[in-house]
Amino acid sequence: MSNSTLAIYPGTFDPITNGHLSIIKRALKIFDRLIIAILINPQKIPLFTLEERIEMIHASIKGMQNIEVDTFDGLLVEYAVRKNANVILRGLRAMSDFEYEFQMALMNRKLNREVQSI
Numbered sequence: 012m013s014n015s016t017l018a019i020y021p022g023t024f025d026p027i028t029n030g031h032l033s034i035i036k037r038a039l040k041i042f043d044r045l046i047i048a049i050l051i052n053p054q055k056i057p058l059f060t061l062e063e064r065i066e067m068i069h070a071s072i073k074g075m076q077n078i079e080v081d082t083f084d085g086l087l088v089e090y091a092v093r094k095n096a097n098v099i100l101r102g103l104r105a106m107s108d109f110e111y112e113f114q115m116a117l118m119n120r121k122l123n124r125e126v127q128s129i
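If you count the sequence shown from 1, you need to add 11 to reach this note's numbering.
Below, simulated BS3-like cross-link-like pairs (lysine-lysine); rule was C-alpha separation at most 30 Å, straight line:
| # | residue 1 | residue 2 |
| --- | --- | --- |
| 1 | Lys36 | Lys73 |
| 2 | Lys40 | Lys121 |
| 3 | Lys55 | Lys73 |
| 4 | Lys55 | Lys36 |
| 5 | Lys73 | Lys94 |
| 6 | Lys36 | Lys94 |
| 7 | Lys36 | Lys121 |
| 8 | Lys73 | Lys40 |
Okay, the calculated beta carbon distance ranges per label pair:
| # | residue 1 | residue 2 | range |
| --- | --- | --- | --- |
| 9 | Thr60 | Asn14 | 36 to 44 Å |
| 10 | Ile56 | Asn14 | 37 to 45 Å |
| 11 | Asn14 | Gln54 | 36 to 44 Å |
| 12 | Ile129 | Leu86 | 12 to 20 Å |
Everything labelled a hint here was simulated from the structure, so no lab data went into it. Since we're looking at a predicted model, the values are computed, not measured. Quick reminder that beta carbons are idealized off the backbone N, C-alpha and C, glycines included.
Taking the hints into account, I'd like the entire structure generated from these sequences.
See below:
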């Protein structure tokens, strides 16, 4: 196993915000590599197309190193395993997000104890 840490920062990024960018910048100080993983959720109707969101993210992270922008659908923890990621990053906008994120972290941990949610 490598000592390199790969974190995944998942979300819809519809659009990418200053809050997202704050987490991205802080993550780059902690982890060796970061994947910004755009969730494809057929149950959500996004404001921006997938292509527009990818373009906005690339424009926002221009000049930053060790970042990949990718898309995924299905279970996040399975995506993390496919990418050999050690960590899943999540942000909280409000206290109301906490319960949902806590439950998701518990489920991910149940599915794979090797992938940590932060």
